[in-house]
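Student: Listed below, chain by chain, are the residues.
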Amino acid sequence: MEEMIPKKQYAPGEHPEMPPPFKTKGAGLWLQQNLFSSPTNIVLSILAIYFLYKMLPGLLEWSLLDAAFTGSDRNECRAKAGGACWAFISERLPLFTYGFYPAEERWRVDLSFLFLVISAVALLWEKCPLRKPLMVFAVFFPFIAAFLLLGGNGVKLMVVLACTAVVLLLLYRGFSSAFMMVLALVVAVLAKYAFFGGIGVPFTDIHATQLVDLNQFTQLNLKTVSTDLFGGFMLTLIIGVTGIAFSLPLGVLLALGRQSNLPIIKYSCVVFIEFIRGVPLITLLFVASTMLSFFLPPGTTFNLLVRVLIMVTLFASAYMAEVVRGGLQALPKGQTEAADALGLKYGPAMRLIVLPQALKISIPSIVNTFIGLYKDSVLVIVIGLLDPLGIGRASLSSTEWNGLTNEVYLFVALFFFVSCYGMSRYSLYLENKLHTGHKR
Amino acid sequence: MNESANTVSSTERALGESTIELRQMHKWYGEFHVLRDINLDVKSGERIVVCGPSGSGKSTMIRCINRLEEHQQGDIIVNGTELTNDLKNIEAVRREVGMVFQHFNLFPHLTVLENCTLAPIWVRKQPKAEAEAIAMKYLERVKIPEQAGKYPGQLSGGQQQRVAIARSLCMSPKVMLFDEPTSALDPEMIKEVLDVMIELAQEGMTMICVTHEMGFAKTVADRVIFMDEGQIIEENVPEEFFNNPQSERTQLFLSQILAH
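Protein chains in written order, with this note's numbering: chain A, 6 to 445; chain B, 49 to 308.
Hints are not guaranteed to be accurate.
[Claimed, not checked] Derived lysine-lysine pairs resembling BS3-like cross-links, with alpha carbons at most 27 angstroms apart: (1) B:K222 - A:K137; (2) B:K136 - A:K338; (3) A:K132 - B:K198; (4) B:K136 - A:K137; (5) A:K350 - B:K222.
For the record, the hints were derived by calculation from the structure and aren't laboratory data.
Use the sequences and the hints to build the structure in full.
Tutor: This is the structure in structure tokens:
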């Protein structure tokens, strides 16, 4: 027992600060609060620990301690160790990564990936050194990546990059950015099809070759690689990144359109969203690979990969629209009223006041949709594109490695888990960063 | 608050032209007839307090003045611009009319300074540095320049409302509308907001305030308007309004709010 201290009267504000009479930190306290705080919690903790005790050693032994990391076929693996045969994965790693992309051209994929990482870091990480120039680079990235992956004429790339630079410069000069964003998108898409081929029949006429004598620039050309050869993680990344990059802006436009006062805009958005959401993605992919050719004029070549990209993006954007609509509706009406009362027009009010807040509210659901889209990319297997899962299944049927299902599926699962967990962590980081409410 | 000390009688000041005119204005919410035959003429420099029981249409009326609500019949003319469906007119009116809301409606994702500079930069096309200098001037006037870098969520209610006033002032409006600016505040914070409003009134700002602060009405109002059931029941100079209310409804209202 402590000594009794005589009670002292303090003037207001004079009372000294005292430490709380209980522990507020320490490992023991953490254990007590998180694992053993109540009888139910104690039972659950003990069960979980028992479960881990039973599971972990076996898993560790199979996957690491008793696993074979080298060897040229299944029997060699089995002779070495009783556990997992990772030699299979390491031998097939290039196939898992690049699909059937020609071996001597794979540096182009690596370089694109490096550029992707640089662009992503610049866009996503606020304190990135040299952020501004790198963000400009990120704008050029899609064209550079398309050129690197598909190959073709280097001069066309230069022209596309120059066009993009002009648009960017105009944007910087303070043209209405909503207008410029649309223009940039249109120019970018047109430029891409004009110079890399694709749907546009009219655009195939405009060849850079007619403008410049290309013979002197042949060193800029890259060997053309057909998209049929794309596969593996590279394909997943292409579908995932394209889908993510386009579905959010498209979803935002659809969500805003759905709230429009103009019936035509409103109902075309509603019909689009409800139609796309009401049809399974697999169906859409089948439609993409077969039906589109019925609807389009004969002779129109429409690359399979492009069709998949369009369908995946449209599919995700319909979900995105509903997610963003939820965010828009959660925003107090006072925010738009205040923006209106200040005389802000619709565009700036949306862009500066409404969307930043609505998107912030929807971050968890947006990332949820992104993760869904990313994982759904494996569905392209049904129309004959070889994603990592497809590569895995194909490899399993080879005679040397027959039957190593666990290794393959674990490996592919690990790849997806790492990417999706990364997205999930980033969304948490973003939520914390954007929290300006009552934090002191 | 000393109610009579700094009263400036309207008769001593020369009032200017009509700034706001409402003529036979009606408004319906669907079938419900909210505003009935509103006629109001506000001269430049005039300070008007609107009071009345809740649901009487006070807020709706001033929200019609900057077209946050649409009226269906009659005319509203602000600064010579008639409010119609024409977006250009609406924008022109909103540029010149500032509004302070009951729930402040600050932008929580922007700092106090950004809240104040946003509209001048995007609507008035002021350069950022100039907009910031003006914003700091007004933040000093509402006595919170030191909070400029904080987010609204970090301020007290009274501070937030003063920021909201500064945000409106940054657009240098010709008219200020106050929609129950102190109703959401703790008693201790009401005074700091009212002081700012009184100061503003003394500088000659044209103001229309929907408020239940009768002390404020007595101090600064040139005219008090009493509304009930969507109609203007009575309007008079504060002294007459409080000491000699004409209609029974006004007498009842005043006896209820002044009694406690």
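Student: Decide, hint by hint, whether the structure agrees.
Tutor: Here is how each hint holds up against the structure:
1. B:K222 - A:K137: Violated: K222 (chain B) and K137 (chain A) sit about 40 angstroms apart, past 27 angstroms.
2. B:K136 - A:K338: 23 angstroms, holds
3. A:K132 - B:K198: Between K132 (chain A) and K198 (chain B) the Cα gap is close to 20 angstroms, so the pair holds against 27 angstroms.
4. B:K136 - A:K137: With Cα atoms ~37 angstroms apart, K136 (chain B) and K137 (chain A) exceed 27 angstroms; violated.
5. A:K350 - B:K222: 20 angstroms, holds
Hints 1, 4, counting from the list given before, are not met by this structure.
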